[in-house]
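Chains as they are written, first to last, in the numbering used here: chain A, 68 to 523; chain B, 655 to 777.
A portion of the hints provided could be inaccurate.
What the hints assert, rightly or not - No farther apart than 30 angstroms at their CA atoms in a straight line, the calculated lysine-lysine pairs in the DSBU-like style are these:
{"id": "1", "chain 1": "A", "residue 1": "K257", "chain 2": "A", "residue 2": "K227"}
{"id": "2", "chain 1": "A", "residue 1": "K257", "chain 2": "B", "residue 2": "K743"}
{"id": "3", "chain 1": "B", "residue 1": "K720", "chain 2": "B", "residue 2": "K682"}
{"id": "4", "chain 1": "B", "residue 1": "K720", "chain 2": "B", "residue 2": "K743"}
{"id": "5", "chain 1": "A", "residue 1": "K98", "chain 2": "A", "residue 2": "K126"}
{"id": "6", "chain 1": "A", "residue 1": "K126", "chain 2": "B", "residue 2": "K720"}
{"id": "7", "chain 1": "B", "residue 1": "K682", "chain 2": "A", "residue 2": "K126"}
Stated by the list, open to error - Stretch by stretch, here's where chain A covers chain B in the computed footprint (C-beta under 8 angstroms, at least three residues):
{"id": "8", "stretch": "665 to 679"}
{"id": "9", "stretch": "754 to 762"}
No wet-lab data here; the hints were simulated from the structure. Just so it is clear, CB atoms sit at the ideal spot from N, CA and C, and this is done for glycine as well.
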Amino acid sequence: MGGQAGDGRGMARSALTGTRIRERRTVLGIKQADLARMAEISPSYLNLIEHNRRRIGGKLLTRIARSLAVEVSALTQGAEATLIDQLGEAAAAHPEIDAEVQRIDEFVGRFPGWAALIQDLQRRTGQLERRVASLVDRMAHDPILSTSLHELLTKVSAIKSTASILMETEDLDHNWTYRFHRNLQADSQKLAEGAAALVDYLDAEKDAELGLVSPQEEVEAWLNRHQFHFPGLETEVPDLVESVIGRNQALRSAPARELARAHLHRYRHEALAMPLEAFTAAALAEDFDPARLAMRFDCELPAVFRRLASLPSDSGLTQIGLVACDGAGALTLRKSSDLLSMPRFGAACALWPLYRALAQPMAPVRAVLEGASRPGQRFLAYAISHATYPQGFAGPAIYESLMVMIPPARLEPPDDIGPPQIVGTSCRVCPLRGCPARREPTILADGFDSGASNPQ
Amino acid sequence: MANHVLLIEDEPNIMEAIRFILSRDGWKVTCHADGATAMAAIQRALPDVVVLDVMLPNRSGFDILKDLRGDPALKDLPVLMLTAKGQAKDRELAALLGSNDFMTKPFSNAEVRDRLRAMVRHG
Numbered sequence: 068m069g070g071q072a073g074d075g076r077g078m079a080r081s082a083l084t085g086t087r088i089r090e091r092r093t094v095l096g097i098k099q100a101d102l103a104r105m106a107e108i109s110p111s112y113l114n115l116i117e118h119n120r121r122r123i124g125g126k127l128l129t130r131i132a133r134s135l136a137v138e139v140s141a142l143t144q145g146a147e148a149t150l151i152d153q154l155g156e157a158a159a160a161h162p163e164i165d166a167e168v169q170r171i172d173e174f175v176g177r178f179p180g181w182a183a184l185i186q187d188l189q190r191r192t193g194q195l196e197r198r199v200a201s202l203v204d205r206m207a208h209d210p211i212l213s214t215s216l217h218e219l220l221t222k223v224s225a226i227k228s229t230a231s232i233l234m235e236t237e238d239l240d241h242n243w244t245y246r247f248h249r250n251l252q253a254d255s256q257k258l259a260e261g262a263a264a265l266v267d268y269l270d271a272e273k274d275a276e277l278g279l280v281s282p283q284e285e286v287e288a289w290l291n292r293h294q295f296h297f298p299g300l301e302t303e304v305p306d307l308v309e310s311v312i313g314r315n316q317a318l319r320s321a322p323a324r325e326l327a328r329a330h331l332h333r334y335r336h337e338a339l340a341m342p343l344e345a346f347t348a349a350a351l352a353e354d355f356d357p358a359r360l361a362m363r364f365d366c367e368l369p370a371v372f373r374r375l376a377s378l379p380s381d382s383g384l385t386q387i388g389l390v391a392c393d394g395a396g397a398l399t400l401r402k403s404s405d406l407l408s409m410p411r412f413g414a415a416c417a418l419w420p421l422y423r424a425l426a427q428p429m430a431p432v433r434a435v436l437e438g439a440s441r442p443g444q445r446f447l448a449y450a451i452s453h454a455t456y457p458q459g460f461a462g463p464a465i466y467e468s469l470m471v472m473i474p475p476a477r478l479e480p481p482d483d484i485g486p487p488q489i490v491g492t493s494c495r496v497c498p499l500r501g502c503p504a505r506r507e508p509t510i511l512a513d514g515f516d517s518g519a520s521n522p523q
Numbered sequence: 655m656a657n658h659v660l661l662i663e664d665e666p667n668i669m670e671a672i673r674f675i676l677s678r679d680g681w682k683v684t685c686h687a688d689g690a691t692a693m694a695a696i697q698r699a700l701p702d703v704v705v706l707d708v709m710l711p712n713r714s715g716f717d718i719l720k721d722l723r724g725d726p727a728l729k730d731l732p733v734l735m736l737t738a739k740g741q742a743k744d745r746e747l748a749a750l751l752g753s754n755d756f757m758t759k760p761f762s763n764a765e766v767r768d769r770l771r772a773m774v775r776h777g
């Protein structure tokens, strides 16, 4: 099976799973009724699927893929999964509009241009909202801005009062007139200097990533731009951490630079313990199994997770994702991945192995996952949590959990793991029905059909 | 006898403008620019009314107001708070601490004069 997904003639143009099924069937010259029979569903239901009127996943998708002699991923992977996710997020952000979220697939299929436009508008709206929040926060808490504005208002007050006296006092004597003119001149000069300094200050900030709310987000955005890989830190000597930090314009705030510095020092330490060339070769030889890599290099599992996520893009492994959380479950590190969307704010899906690991420190967790909004697209996840004791025996244990995600194209998930666990991003945009871990209703009321109860 | 106002303000040109306006209105005006020694200056001068800036060197106007209201001899002294920070929370804090009135910069000369007249009349 497989190997034929890229044979062109329509497949490359396909946008949605249903469309891809129809095109693949046409290419192979299979009648709709015949494929329906092979897939054990009715022709009318297959027709709905092919026109993207029904979402499809699970066993039914596997049967259809097998009948069409392609990998499941050839029918499901693509930019449309991300697009559908983001349109779902847009609908979730505007519940008052009552968008037809159950027809997102159909909408994307029929109006891809409009869908892309909404996606872009949603992204830009989010950026602007974060920028406004950032500016409001600065207005309230930035001591430089606050002091500058106070000084400007004070000078304006002095000028206004003095000018009023000069204008309204008819019998002002020469000495007072001179003194007030002198005061006006001095205050005007200070006002001009203060205004210029304020403009300079704001100008210096205008290129900053004001849309990034926290130092953590600032660092994550910067790390993702580098795909978590820093060639300058891979060499034996010299240590270029300060050089990488110092020349970087994306890290503007002092807390962000401090976080980045800590990350890079750890990166450097782990790069020396697991040299790139040897580690890449070992990862390929060991099927990216973190436990075996940890034994080979005599390193802790969290370090191996981070090292896997830092492999360079030219190794073809850029989709290795990484996510970390603290003991409260708050996400503290996110390496973007096409395998699984990660919430920017709030809690993630409680079914992630990341949280299972958190509940059982030092016990490794391995699972095959399938994104609820990306049926058929499976990947392997490893998770581990560990404790640190920054204050020694006197202080509390600080827990951290990490999960690394390995793309399916690079390996076959071992058979001994069991059936795939379907997971989401967060409850609001998760279509999974009957989820035991759901904490709030989804806006995607209809979910997708796993094929378990298909009409015949 | 002229009413006595003590102006506690660190910006010299604002201080001079207000002193000029109030002097021509018949007030006795004394000035003080430092927050740390403001309480001692008030206790020494015993004015009829105080104009108190919030942002002062070494000690804030809010702290001074709090001390004033805790001093049995000065707890009823009329105080007009003056600040460049016109935010609602500042106004609320001033009222909570016992300020009689509150003005934000930039202000008009006539308004300062009228407010002080009213405070002395009603005080």
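Here is what the structure says about each hint:
1. A/K257 - A/K227: holds, 14 angstroms
2. A/K257 - B/K743: holds, 28 angstroms
3. B/K720 - B/K682: holds, 25 angstroms
4. B/K720 - B/K743: Cα-Cα ~16 angstroms, so holds.
5. A/K98 - A/K126: Holds, because 21 angstroms separates the two Cα atoms, which is no more than 30 angstroms.
6. A/K126 - B/K720: Violated: A/K126 and B/K720 sit about 73 angstroms apart, past 30 angstroms.
7. B/K682 - A/K126: violated, 92 angstroms
8. 665 to 679: n = 9 at 8 angstroms, threshold three: holds.
9. 754 to 762: Three-residue rule met by the stretch 754 to 762 of chain B, so holds; n is 4.
Going through the hint list in order, the structure does not satisfy hints 6, 7.
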